[in-house]
Amino acid sequence: MVKEIERKLPVVHMCTIVPISQTVGANRIVPTIAIPHPLGDPSRTPEEEKALRRGLVERALKALQTEITEQTVFTE
Amino acid sequence: MKLELHRLKVNGLKLGEKTGFENGILTVNKAEILALISEDPLLGKNIDVDIAMPGESTRIMPVKDVIEPRWKISGKGQVFPGMISDVETVGEGQTLVLSGCAVLTTGKLVRFQEGIIDMSGPGADYTPYSKTCNVVLVLEPSDPNMDKHDYEKACRLAGLKTAAYLAKSCAGCAADSVEVYERPTIREAMNEFPGLPKVGYIYMLQTQGLLHDTYLYGVDVKRILPTLVSPLEVMDGAIVSGNCVSACDKNSTYSHLNNPVIADMLKRHGKDFNFVAVIVTNENVTLADKRRSSSYAAKLAAMLGLDGVVITEEGFGNPDADLIMNCRKCEQLGIKTALLTDEYAGQDGASQSLADSCPEGNACVTAGNANEVIHLPAMSKVIGYAEEANVIAGGWQGSLAEDGSITVELQAITGATSELGYTKLGAYTL
Amino acid sequence: MAYRIVHYINQFYAGIGGEEKADYQPEIREGVVGPGMALKAAFKGEAEIVATVICGDSYFASNMDEASAKILGMMKEYKPDAFIAGPAFNAGRYGTACGAMCDAVSKAFGIPVISGMYPENPGVEMYRKSAWIIETPDSAAGMRKAVPAMAKLALKLLKGESVGKPSEEGYIERGIRKNMFYEKLAAERCVDMFTAKIKGEPFETEYVMPVFDRVDPQPAVKDIKHAVIALVTSGGICPKGNPDHIEASSASKFGEYDITGVNDLTSEKYCTAHGGYDATYADQDADRVLPVDVMRDLEREGAIGKLHNKFYTTVGNGTAVANAKKFGAEIANRLVADGVTAVILTST
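Protein chains in written order, with the working numbering: chain A, 3 to 78; chain B, 187 to 616; chain C, 207 to 554.
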């Protein structure tokens, strides 16, 4: 799915199992927390959780604004 | 370590006054089972016990787990340790097995991943549990809004308790056959069969949360580091399933008890190789856990000086990443691997079968394409709820036709593409 | 009664002419023409060539849609039970035409379609999933070998017999996985293969690990403050009750949901349809999979231009790559049409 979108638009793949994303061929990858809650962490307070989510989304936006020539995992 | 399996061969089932075994027939006292399982306040009033025999026009769904009745007649501990028995280790002494019999748990759906068992017709060819004499528990939660984790647990325990109860009730009967298994200590094993390669088995267990969990001595396996277990402990129920990743490739508790990879490796032990160890590992939901567990499992294999390992997966999708990591990390340490998985190649079989891959995975056996579609004609009796066909994994809105027939992917059939390799199904490339 | 076959050949094999006649328009003739004679002989009366379609290679190549539609129309009255094209050996345009016609006939009539080509013919790569293509030598000198194999496979398919492996039947691997019951349990097959591997003996894997293709990265987003960002997920987030009945596994569709005025995905209104992970957390708060709440904040603060007012969702669980591709392409088209700048795709 990610590759078909990439043919038309810049796309960042936010996922937990980065190796699968790499094998399948996403270009901009942002690692996330866990499979059942990629952008959350139920063990934290709602406020902390939202701050965590915001950090990951901001990283995704940064990835979209970064020129790349090859598959890149954005870890910060 | 020595374990004897005392097998009673069950050829028939009937409901009756006293639970017991005679001349191949297992008699089941329904009231006693109902009393036993309804002790659990999490289960509702409307529960039932039914029986289903091979060849009958009977459909059972949605099936949560399948369990073979076993009971330890001597030796330490008791079957299903840490679940319905004490946590004492098992795998020694004598264990009674009701061969050819199974306890099935069905009833109100916990979550989408439950399956279908047809006792006859085309669907029966795909599930190993159409050939067993089945005692079926039809369950419901005491509160319809109960937390799903609680309801899952209640169903799981009801199945285990019933399986232990049935075998315990036959404890006085003389066995039809006795199998003796003896396992050396690791120290002894290292000196055995000097000419043969030392090999092991990496036993991957699904551990991703609700209806995706597996237990080892009652411990949720997502919380363990990979560890060593004896094949004999597995035969006594040290590993219990609490999952249905998809019904087809859930490793039922029954298939753990009868793990055919372990059975075959024991058979070849001393002939083709020296089967030294079983390493249990998990399939967790974070990348760090996946990396840690695969590195640790490969490290254990390397510490034992193994030349090769068989690796079996449970489930599909992200666990493919665990499988690939286990494979690659072992191969990089010089440990040769063979993989056992199943496929999701699309209904037409034209898509890639796995979500991840590596060139080291060059010895791969698959238990078939779970997306292949099958038509299951109507049965004269349904135990459970046929309408769930429209929502379970492998089904779709409209899977259940008005005439009672069901069209689904093999995914929805319990055990159809067992990744412990408990069926003869496989695939080839056209 | 003999099975009814329609045979497709080019202008050259019809004896009309070579390259100078390659713009020959499609026609249909009753009965056998050219290599159909050999086919007919190979059928030994079990099947009959009721008509032969002839089309120039260049004409077909430059008018593919039109030519194939026209040919389908011509074929209809002959009520074929199977369609055979070629063999095309290593002729590229002819092979492509044979493959394209096999694909069209199979879709239109749902009957077996068989061709014959040299493995390097470009028609093989394009159409091996659509047709049974018997492997042939690279020139017409191999006709005598190709035709009986094509006829044999055609009869097998017509009789509904199961088709063996490529090496047994002589066709080029189609890349389609088909289930079968083996003699042994999968566990025993695996331990057999394992034993061979550790002993250094030959073995044949049951599944060759896939190699995935690549797409070049798109240029970066230049002006994020005016960008329209869309959210897409394979994590199955949907309005509560799953109104479009997206399947828990092996999804056949995706959902498009309007989030105009939605600032937060609450458990009263949203859930997941996904059957491949523990849904507890997504059902409690779907923002954990699809971050609408944070995107709204960023939109309000001016960090992004706009959050697109629709999100797209499917279930990645056990869903065939072909379906996922189809969804991705369709979603991308809709997003482009709606003026979206870039996409955040979340997976579980």
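Any given hint could be a false lead.
Stated by the list, open to error - If you want the footprint, here are the derived chain C segments under chain A, 3+ residues with CB under 8 Å:
hint, region
1, 210-220
2, 304-314
3, 352-360
4, 435-448
5, 502-513
6, 535-548
What the hints assert, rightly or not - Facing chain C, from chain A, some residues (calculated, C-beta under 8 Å):
hint, residue
7, 16
8, 68
9, 71
Honestly, the hints are just simulated from the structure, not real lab data.
C-beta: ideal position from N, C-alpha, C; glycine also.
Now for the hints, and whether the structure bears them out:
1. 210-220: Violated, because only 0 residues of the region 210-220 of chain C bring their Cβ atoms closer than 8 Å to Cβ atoms of chain A.
2. 304-314: Check failed, 0 qualifying residues.
3. 352-360: Per the Cβ count (0), the hint is violated.
4. 435-448: holds (count 4)
5. 502-513: Coverage by chain A holds here, the residue count being 4 at a Cβ distance below 8 Å.
6. 535-548: With 9 residues close enough to chain A, the hint holds.
7. 16: holds (5 Å)
8. 68: With a closest approach of 6 Å, the residue 68/A hint holds.
9. 71: Since chain C brings a Cβ to about 7 Å from residue 71/A, closer than 8 Å, the hint holds.
Violated hints, listed in ascending order, are 1, 2, 3; each of the other numbered hints is respected by the structure.
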